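Following the hints, complete the assembly by docking chain B onto the known chain A.
There are 2 protein chains.
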Amino acid sequence: MYARTSFGKGGVAIASRKEVAELAGVSEATVSRVLNGVGPMKEETRQRVMEAAKKLNYVPSALARNFATSRSGNIGVVLPYVPKVHMFSSFFFSEILSGIGSKARELGHDILLLFQTPGESMDYVRWFHAHKIDTCIILGAKDDPEELLALRRLAEEGLPFCLINQHFEGEPFSEVDADHVQGSYMAVRHLIEQGYRRIAFMNGPLTYSNSRDRLQGCEKALAEAGLVLEEELIFSGNFSRSSGITAASELMKVIDQVDAVFAANDRMAIGLMQGLRDLGLSEERFPAMFGYDNSDASQVTTPELSSVKVPFYEMGEIAVAEVLKRLEQGASASGEPFRIMLPTELVIRASSQNLRL
Amino acid sequence: MYARTSFGKGGVAIASRKEVAELAGVSEATVSRVLNGVGPMKEETRQRVMEAAKKLNYVPSALARNFATSRSGNIGVVLPYVPKVHMFSSFFFSEILSGIGSKARELGHDILLLFQTPGESMDYVRWFHAHKIDTCIILGAKDDPEELLALRRLAEEGLPFCLINQHFEGEPFSEVDADHVQGSYMAVRHLIEQGYRRIAFMNGPLTYSNSRDRLQGCEKALAEAGLVLEEELIFSGNFSRSSGITAASELMKVIDQVDAVFAANDRMAIGLMQGLRDLGLSEERFPAMFGYDNSDASQVTTPELSSVKVPFYEMGEIAVAEVLKRLEQGASASGEPFRIMLPTELVIRASSQNLRL
Chain A
-11 MYARTSFGKG GVAIASRKEV AELAGVSEAT VSRVLNGVGP MKEETRQRVM
39 EAAKKLNYVP SALARNFATS RSGNIGVVLP YVPKVHMFSS FFFSEILSGI
89 GSKARELGHD ILLLFQTPGE SMDYVRWFHA HKIDTCIILG AKDDPEELLA
139 LRRLAEEGLP FCLINQHFEG EPFSEVDADH VQGSYMAVRH LIEQGYRRIA
189 FMNGPLTYSN SRDRLQGCEK ALAEAGLVLE EELIFSGNFS RSSGITAASE
239 LMKVIDQVDA VFAANDRMAI GLMQGLRDLG LSEERFPAMF GYDNSDASQV
289 TTPELSSVKV PFYEMGEIAV AEVLKRLEQG ASASGEPFRI MLPTELVIRA
339 SSQNLRL
Chain B
-11 MYARTSFGKG GVAIASRKEV AELAGVSEAT VSRVLNGVGP MKEETRQRVM
39 EAAKKLNYVP SALARNFATS RSGNIGVVLP YVPKVHMFSS FFFSEILSGI
89 GSKARELGHD ILLLFQTPGE SMDYVRWFHA HKIDTCIILG AKDDPEELLA
139 LRRLAEEGLP FCLINQHFEG EPFSEVDADH VQGSYMAVRH LIEQGYRRIA
189 FMNGPLTYSN SRDRLQGCEK ALAEAGLVLE EELIFSGNFS RSSGITAASE
239 LMKVIDQVDA VFAANDRMAI GLMQGLRDLG LSEERFPAMF GYDNSDASQV
289 TTPELSSVKV PFYEMGEIAV AEVLKRLEQG ASASGEPFRI MLPTELVIRA
339 SSQNLRL
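So the protein lines, in turn, are chains A and B. So in the numbering used here, spot 118 of the first sequence is number 106, and the numbers just go up one at a time. So in the numbering used here, spot 304 of the second sequence is number 292, and the numbers just go up one at a time.
Just so you know, not all the hints are guaranteed correct.
One copy or two, either will do: identical chains are not told apart, so a pair holds if it fits within one copy or between any two.
Result set (BS3-like, lysine-lysine): computed pairs, CA atoms no more than 30 Å apart in a straight line [unchecked claim]:
hint	residue 1	residue 2
1	K297	K313
2	K130	K42
3	K130	K30
4	K30	K241
Derived by calculation from the structure, the hints in this document are not laboratory data. Just so it is clear, the structure is predicted and the values come from calculations on it, not from any experiment.
Isolated chain A (complex conformation) (with noise of 0.2 Å):
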């Protein structure tokens, strides 16, 4: 059908595909292979069919890709809105945005960063229809109505995207998680073993699932040993530092009450610690903590902190393998949603160690 368009910005005839794998001496197939950037290939091939597009005013341009196959080779990396954006020194996103660069790289793909925006309704079909993604890896999702309606048209329109560390209940949607429940289960069932009972509890946003999945954990332990959790053990952050550092001070007020401290994840524990010193509480008193990620911060800090391992970085990498397997699959494929679950591990360091025992 494109074998002798001839059209092109200002009127300049540009050469047909044919001409160009003629001249390279390579297939029609691995021309568009090497103009899509799509799959591995020789950096000699590459070259080679480069030189002879360029040599015949083919340029490999999105229009010419357009044609070829519609695909513009992007994988889209949805990033929520966060006010204060240094958003990729997180633990938890740069990790699993390191883990998508390295494989989309891998299978030769490049990641299109979109941000959302405050106030403007999630348009996400918008991208594939402008041609900007192939797929789409959707990060921070929270589970509101307007983010549901924007997945719904996605899963509608047999859209291939997956959501990662998020799970919206009966919706048809593919997911890479990890089991919060279970890492949490394991904290506060080890912070038990220490012999600690009187545990608190600082969670992050509960329109998070790994937020409702890590109460879900926690309590199970509790209740395991006969326990509950204490409405004034509770406390609530964003996953920031300072929300942790803040929460100290109502810590502070049932400190007496307090063997351990669970956090939600390491940055608020971390904030904990800070704040409960900036008040004055020597290390000797500080309660027991756990924390959450395994972030780089968790082995640097004083006592180091004893934390839950998630693979966000293969998380990241899972979810690029599986999105690029179903857009080659077809339309027919992306409809069958996919659930895939990592197991988190315990890794145990002096700050939830019972020197007592």
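Frame of chain A, contents of chain B only:
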């Protein structure tokens, strides 16, 4: 020129921009702006245009976009190859990328992440010709002949790009940099003012101009105090914590000759401290330590780490604003390089203060 062009995938006729503009009740220019995602626009207007385009089967595709302006609306961000790619977890990359992302979102552009591949020539120009990007920001560039050739080609073609945190002496490249000579000079002068005389220096690879800048600043401060940087007190690493841990064994051999250590980033400083601790050196016998970057980690170590604050976030924001400004000014202006140099500042914490003073 393209007002009545009627072709499309599979031969389906698509409506003209003019028809979409008439139905939406906006100008053709507005239709273009919506389709190109260029500049700020009202969500309501965007919706109206998108609905009209949908009704008329006018897909706002790369095809249409290409005809309208040849622009993708994407800013390319080139990231270096790092063998174990937890790249976004480094404070340097994560902060710069946060700044880039924040400003790009504000100005209505998306970010295309482009990963360098080892052994593959860096053909930046190709991404422009393929209309994947309109402009380009390069992070972590090295001063090697291949990189230099690739950058010269970009400059020769008058394509708008800039480097962050890397300077090529005598080359007409636009750059956003921080004053690392000044930062290093101030850090070492502070150590000298604290009464330290025997100062060790752990630097990063000298293929980075910012490593050479640090060496220069360090030597300048020492020279002013009548001191020299002793050969056996120079250590080198690759900016990773593990390279700091490795260097600790070397440092341990000369520990009695060392009053203070200046490290080219916080990660290496933290690795040195961990390594010394692992080798059995008690905290009281630690040399004074000064890091660089003022990363989050510098605030959670014991002792807290003094550091040089570099405005990475702002550097990312400025780079985006400047390359987009050049893009709007057109080819004539993009040939004139800019060099923006931001100041650094010291953040003094416990690790560098001499309690005996």
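(message) When the structure is checked against the list of hints, which entries are broken? Sort them ascending.
(response) The structure breaks only hint 4.
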